[in-house]
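Q: Let's have the full structure, built from the sequences with the hints guiding it.
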Amino acid sequence: MFDCALQRLEFEKSRRGSSNSKKKGKNSRGGNPDFPADSYEQWEKNSSSQPKEGHSVINSINLLPYGGQIMHRNTQIRILNSCSVDNQIQILYTVYNLYPTVAQFLKQLHEADNLTAGVILRIFASLDHKKYAQAKEIALLQLLRLKPVIDAELNGWNLFDSEDRVLMSISDLAKIRQHYECTNPICNISGETVIAFSASMVLHSPLELEEMFNNSQTNKCCEGCNKGQSSKWISWLRSGAPILLRFALVDTRDRGATEDMIPIFYNLLGERYLVKAYTVHIRDHFTTVFKHDSKMYIYDGLTHNSLKRYYTLPSGHRISTVWLMKE
1 MFDCALQRLE FEKSRRGSSN SKKKGKNSRG GNPDFPADSY EQWEKNSSSQ PKEGHSVINS
61 INLLPYGGQI MHRNTQIRIL NSCSVDNQIQ ILYTVYNLYP TVAQFLKQLH EADNLTAGVI
121 LRIFASLDHK KYAQAKEIAL LQLLRLKPVI DAELNGWNLF DSEDRVLMSI SDLAKIRQHY
181 ECTNPICNIS GETVIAFSAS MVLHSPLELE EMFNNSQTNK CCEGCNKGQS SKWISWLRSG
241 APILLRFALV DTRDRGATED MIPIFYNLLG ERYLVKAYTV HIRDHFTTVF KHDSKMYIYD
301 GLTHNSLKRY YTLPSGHRIS TVWLMKE
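Residues in the sequence shown are numbered consecutively from 1, following the working numbering.
Incorrect hints may appear among the rest.
[Stated by the list, open to error] Across the chosen pairs, the derived CB separations fall in these ranges:
no. : residue 1 : residue 2 : range
1   : G118      : N59       : 26 to 32 Å
2   : V194      : T101      : 19 to 25 Å
3   : S231      : T75       : 50 to 56 Å
4   : E271      : D113      : 22 to 28 Å
5   : G191      : V57       : 42 to 48 Å
6   : K130      : E192      : 43 to 49 Å
7   : M168      : S306      : 29 to 35 Å
8   : D113      : S306      : 36 to 42 Å
9   : N74       : S205      : 45 to 51 Å
10  : Q178      : Y310      : 34 to 40 Å
11  : D113      : N74       : 28 to 34 Å
12  : P148      : R177      : 34 to 40 Å
13  : L237      : F265      : 20 to 26 Å
Hints listed in this document are in silico derivations from the structure and should not be mistaken for laboratory results. Ideal Cβ placement from N, Cα and C applies to all residues, glycine included.
A: Here you go:
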């Protein structure tokens with residue numbers, strides 16, 4: 001479970017085949033006619049007004065639209081296939097607005113000179129004022145630290161297959177302790193280290209999470225000395241359990257988790273974590289299911305004016321990432 005290098009390699013092989021990104025036609029998203037290219041800039045002209053009927057706090061939160069343009073070195077650059085980035089930013093922005101403990105957590109990190117938290121709060125300030133292009137510019141250039149690469153065929157910056165890059169960029173928001181012990185007295189690998197959870201751990205099933213946290217893993221052959229028997233286990237930092245946890249799931253066309261496999265909550269090392277959001281991958285497009293006040297909503301950057309009422313996800317969908325919040 002903690003063989004990060006092996007899991008990371010498997011993860012990179014399984015994530016949305018970026019090798020297919022060149023097959024997309026100039027007039028479509030992801031090769032799918034359901035997401036036409038002419039939706040790239042519609043959000044610049046439309047108002048992001050919120051629904052007037054049946055609205056709640058979650059309905060009043062600004063929604064990041066798909067695509068758009070950013071300014072880089074005095075040049076307008078069109079953003080393509082941005083949904084893998086948009087959904088992760090929207091999840092973090094939504095829980096920040098909904099739950100005071102999350103807002104306080106990020107602000108405290110910022111006051112402690114955490115650079116990631118500072119950049120995230122700047123993104124949120126732009127979203128607060130519906131400056132969506134500015135928010136994406138900060139996210140791509142400062143948070144993800146990407147350099148624009150213009151796809152000549154698609155005539156824009158193609159962000160296809162970028163979800164794992166987003167998770168890596170915000171991984172220091174959730175840290176845990178990983179312990180390692182070997183029965184060989186002269187093995188120097190025993191001890192503990194602080195790691196960023198979700199940075200390199202990928203699960204095949206949502207149910208593996210509780211096993212990973214609540215049970216130690218024993219190997220007959222130590223990875224360090226190859227002589228003793230080793231044990232690995234997880235604990236919280238001395239400062240306590242993180243407010244947010246998120247993890248990725250192996251996502252391929254023939255293997256992956258579906259919505260019915262996601263539990264309502266997890267019991268992790270004595271803490272109860274509620275599932276607050278999960279990203280859905282289907283037909284080369286990402287959306288997000290939010291859970292709030294016993295109701296469920298769907299965010300889709302292509303229809304950003306309001307959250308959709310929840311509907312049963314179609315067959316063929318895969319759950320890509322899951323976000324948890326400490327109760």
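Q: Does the Cβ pair M168, S306 satisfy 29 to 35 Å?
A: 31 Å, holds
Q: Range hint 43 to 49 Å: satisfied by the CB atoms of K130 and E192?
A: 45 Å, holds
Q: Between V194 and T101, is the Cβ distance one that fits in 19 to 25 Å?
A: Check passed, 22 Å falls within 19 to 25 Å.
Q: Look at the Cβ atoms of N74 and S205 and judge whether their distance stays inside 45 to 51 Å.
A: Holds, at about 48 Å.
Q: Tell me if the beta carbons of E271 and D113 are separated by a distance inside 22 to 28 Å.
A: Check passed, 27 Å falls within 22 to 28 Å.
Q: Holds or violated: 50 to 56 Å for the Cβ distance of S231 and T75?
A: 54 Å, holds
Q: For the pair D113 and S306, does the Cβ-Cβ distance stay inside 36 to 42 Å?
A: With Cβ atoms ~37 Å apart, the hint holds.
Q: With 34 to 40 Å as the target window, see if Q178 and Y310 comply at their CB atoms.
A: Since Q178 and Y310 have Cβ atoms about 36 Å apart, the given range 34 to 40 Å holds.
Q: At the C-beta level, are D113 and N74 separated by a distance inside 28 to 34 Å?
A: 31 Å, holds
Q: Could you tell me whether the CB distance from L237 to F265 stays inside 20 to 26 Å?
A: 21 Å, holds
Q: Using the beta carbons of G118 and N59, state whether their distance is inside 26 to 32 Å or not.
A: Given a distance of about 28 Å, which is inside 26 to 32 Å, the answer is holds.
Q: That 34 to 40 Å hint for P148 and R177 (C-beta), does it hold up?
A: With Cβ atoms ~38 Å apart, the hint holds.
Hint compliance for this structure: no hint is broken.
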